[in-house]
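*Asks:* Okay, here's what each chain looks like letter by letter:
There are 2 protein chains.
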Amino acid sequence: MSKRIGRQTVRLAEGAVILSAASTVGPKEAEGPLGKYFDQRAEDALFGEATWELAESKFVEKNMALTLQKANLKAKEVDYILCGDLLNQCTGSTFGVRQFEIPFFGLFGACSTMGEAMSLGAMLIDGGFANHVLAGASSHFCAAEKQFRFPLPLGTQRPPTATWTVTGDGAVVLARKGNGPKIVEITTGKIVDMGVTDANNMGAAMAPAAADLLQTHFADTGRTPQDYDVIATGDLGTVGRELVVELLAKAGYEMDSRYTDCGIEIFDNETQDTHAGGSGCACSAVTFCAYFYPRLLSGEIGRMLFIPTGALMSPTSSQQGQSIPGIAHGLVIEGCKKGAKK
Amino acid sequence: MSKRIGRQTVRLAEGAVILSAASTVGPKEAEGPLGKYFDQRAEDALFGEATWELAESKFVEKNMALTLQKANLKAKEVDYILCGDLLNQCTGSTFGVRQFEIPFFGLFGACSTMGEAMSLGAMLIDGGFANHVLAGASSHFCAAEKQFRFPLPLGTQRPPTATWTVTGDGAVVLARKGNGPKIVEITTGKIVDMGVTDANNMGAAMAPAAADLLQTHFADTGRTPQDYDVIATGDLGTVGRELVVELLAKAGYEMDSRYTDCGIEIFDNETQDTHAGGSGCACSAVTFCAYFYPRLLSGEIGRMLFIPTGALMSPTSSQQGQSIPGIAHGLVIEGCKKGAKK
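Heads up: the sequence lines are chains U and A, in that order. Per full-length UniProt numbering, the very first residue in the first sequence carries number 1; after that it's consecutive. Per full-length UniProt numbering, the very first residue in the second sequence carries number 1; after that it's consecutive.
Simulated from the structure, these hints should not be mistaken for laboratory data. Even for Gly, the Cβ is constructed at its ideal location relative to N, Cα and C. Warning: the hint list may mix true and false statements.
Here are the in silico distance ranges between beta carbons for each label pair [said to hold, decoys possible]:
1) R7(U) <-> R158(A): 46 to 52 Å
2) D227(U) <-> P151(A): 51 to 57 Å
3) E77(U) <-> E334(A): 27 to 33 Å
4) R41(U) <-> D227(A): 50 to 56 Å
If you want the ones that stay clear, here's a sample from chain A, every Cβ over 12 Å from chain U, calculated [said to hold, decoys possible]:
5) R7
6) E31
7) L66
8) Q99
9) E101
10) L152
11) P225
12) L248
13) R258
14) Q272
15) D273
16) P294
17) S298
18) K338
Let the hints inform the model, and build the full structure from the sequences given.
*Replies:* Structure representation (structure tokens):
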């Protein structure tokens with residue numbers, strides 16, 4: 001009955017169908033290269049709320065409601081909700097989902113949270129514990145800058161290795177039955193800490209964890225990068241992606257142009273002043289929901305390896321001189337057959 | 001194949017065996033009524049570290065290592081580690097577990113985290129995804145006061161409704177096979193917010209969530225409070241326990257003396273100046289591991305309903321005038337048969 005196929009990988013018996021996916025983003029994301037793919041766009045970062053923190057909860061609430069609607073489900077038909085965010089004590093999520101009255105598991109995986117939510121959600125489905133699971137993740141640029149770095153009104157200069165926290169929420173409904181792309185395998189990451197202490201270079205801090213996850217996944221499954229139509233890490237940006245390519249080359253794997261990073265896709269670094277790219281829990285969440293999910297649904301992508309990445313530090317740990325531990329969670333998602341009826 | 005027996009409850013097919021449990025606490029806990037039951041005691045709250053935050057991570061590391069040792073397991077034999085704490089971005093956990101190199105799912109359920117970790121862990125076991133799961137939760141009085149209320153050197157006076165955050169870590173190894181008490185049912189809580197805004201009265205903020213969980217559990221299973229030898233909530237203290245008894249009486253259930261709260265058991269409020277009792281993620285975690293687990297193992301407790309409780313606010317949300325959402329997670333744990341060989 002064991003579903004384990006390696007130290008860190010499980011193969012699901014039936015898989016978990018991704019019945020719907022939705023994304024709600026801020027104005028900067030809407031102006032970026034993926035702008036036309038997002039479902040809902042806020043006119044400004046406050047989204048009609050008094051604070052950035054409450055705005056983040058509104059992104060969560062509005063987007064989760066849309067995700068349910070797209071799956072033709074009412075909140076009471078959902079067995080579990082799994083989500084998380086970057087705010088202290090994850091209040092972006094808790095204040096966003098409380099009115100749904102769905103049994104709730106709060107997660108903290110930093111920017112890897114979408115991977116954690118989809119992994120645990122898919123196992124709850126495949127294990128027979130749930131028929132429907134709502135899984136999501138959110139972040140907010142202004143709330144994150146204030147909390148992790150400096151309040152925005154200070155106008156602090158950002159170094160070239162810095163990434164830009166994505167404002168928004170991405171969520172999916174996972175189901176035991178129905179049509180849609182399927183989560184079929186899960187490789188769960190361990191914490192990897194190579195001693196990076198620069199909170200303005202998260203790509204470098206997280207790249208070793210992503211590289212470790214990729215190597216472990218290939219070892220567990222016997223596959224190579226070329227067995228996937230798309231491999232997408234979460235929010236390494238240009239600096240981190242380059243490091244991953246280098247680290248994998250040393251391990252004997254060629255990461256070619258089919259390997260991208262959500263933080264590279266979501267912004268145009270040249271025109272949007274985003275430096276190394278996008279980051280934050282919402283980066284991989286909204287990019288998956290808006291950009292990859294429709295291509296899995298149409299069959300354009302046959303098999304994808306989705307790897308949200310996270311940096312597990314806090315402002316306090318950084319102030320105390322601690323290094324930044326990284327983590328990455330991998331999901332193998334199979335697209336619908338081309339031309340199949342939906 | 002569905003294991004659901006109600007809106008919020010699942011019954012496990014095989015159950016998850018609690019193979020070992022361990023607790024490591026600070027000096028105040030060691031001086032309390034449960035002092036002799038704890039496995040490891042720190043001489044002072046810094047536990048040899050330079051900061052309270054690093055001390056919390058040391059509690060996690062030392063205690064998780066002991067939990068593994070008690071189960072005769074090496075870290076590489078554990079498939080997943082699930083844990084969390086109250087510190088911003090859950091660094092108590094991440095810095096505590098990173099050297100184990102076990103696939104990691106970080107959780108945030110505030111003080112209900114032990115319930116969340118044991119619930120998800122048990123489902124990963126029962127669903128065939130893992131053979132061994134390490135589940136735990138930690139908190140630290142000094143780090144929590146500094147973060148949520150005031151730095152200790154200010155000497156701020158605490159109101160009588162305040163509770164005292166437990167310093168320590170509690171953890172269990174869950175397994176598919178072996179002898180020990182068994183997790184057989186799981187009732188997962190939804191977020192309940194009755195509008196309480198006083199961060200010095202967490203018992204009142206969490207009691208409605210605990211009462212909701214109890215009523216839902218009894219409705220889902222068709223049982224009454226009298227079907228359990230022990231019902232233990234997590235950290236409501238004297239104020240919260242009284243509210244739960246009152247709310248359940250209104251719903252037609254008599255909560256008698258078999259109902260206790262870990263926050264009441266862990267300190268002697270008369271002599272230890274702890275006001276309404278103990279609280280924090282570690283409160284239910286160490287009380288379960290030190291006080292209830294041995295009695296389940298000996299068969300003295302035949303069936304227990306364990307309900308860690310949590311308050312899902314942050315200092316920022318409180319400063320912004322928001323109310324305190326509560327949550328509670330329930331686990332039915334069956335003790336070993338009396339006189340059974342171990």
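*Asks:* If a hint holds in the structure, say so; if it doesn't, say that too.
*Replies:* Results for each hint:
Look at R7(U) against R158(A): about 47 Å separates their beta carbons, and that is inside 46 to 52 Å. Separated by about 54 Å at the C-beta atoms, D227(U) and P151(A) satisfy the suggested range of 51 to 57 Å. E77(U) and E334(A) have their C-beta atoms about 31 Å apart, which keeps the hinted 27 to 33 Å range intact. For the pair R41(U) and D227(A), the beta carbons lie near 52 Å from each other, so the given range of 50 to 56 Å is met.
The beta carbon of R7(A) sits about 8 Å from the closest Cβ of chain U, which is not more than 12 Å, so the claim that it is off the interface is violated. Distance to chain U confirms E31(A) as a non-interface residue, since its nearest Cβ pair spans about 28 Å, more than 12 Å. Here L66(A) stays apart from chain U, with its beta-carbon at least about 20 Å from theirs, past the 12 Å limit. Chain U draws Q99(A) into its interface by the beta-carbon criterion, the shortest separation being 9 Å against a cut-off of 12 Å.
Listed as outside the interface, E101(A) is inconsistent with that label: its C-beta sits roughly 5 Å from the nearest C-beta of chain U, within the 12 Å cut-off. For L152(A), the requirement that its beta carbon stay farther than 12 Å from each beta carbon of chain U is met, with the minimum near 16 Å. With 12 Å as the threshold on Cβ separation, the claim that P225(A) sits away from chain U holds: the shortest Cβ distance comes to roughly 21 Å. Annotated as non-interface, L248(A) keeps its C-beta farther than 12 Å from every C-beta of chain U; the closest such distance is 20 Å.
With a closest Cβ-Cβ approach of about 26 Å to chain U, R258(A) is found to remain outside the 12 Å limit, as its non-interface label requires. With a closest Cβ-Cβ approach of about 27 Å to chain U, Q272(A) is found to remain outside the 12 Å limit, as its non-interface label requires. Listed as outside the interface, D273(A) is consistent with that label: its C-beta sits roughly 27 Å from the nearest C-beta of chain U, beyond the 12 Å cut-off. The beta carbon of P294(A) is kept farther than 12 Å from every beta carbon of chain U, the shortest such distance being approximately 28 Å.
The claim that S298(A) lies off the interface holds: its Cβ sits roughly 30 Å from the closest Cβ of chain U, which is beyond the 12 Å cut-off. For K338(A), the condition that its CB be more than 12 Å from all CB atoms of chain U holds, with the nearest at approximately 30 Å.
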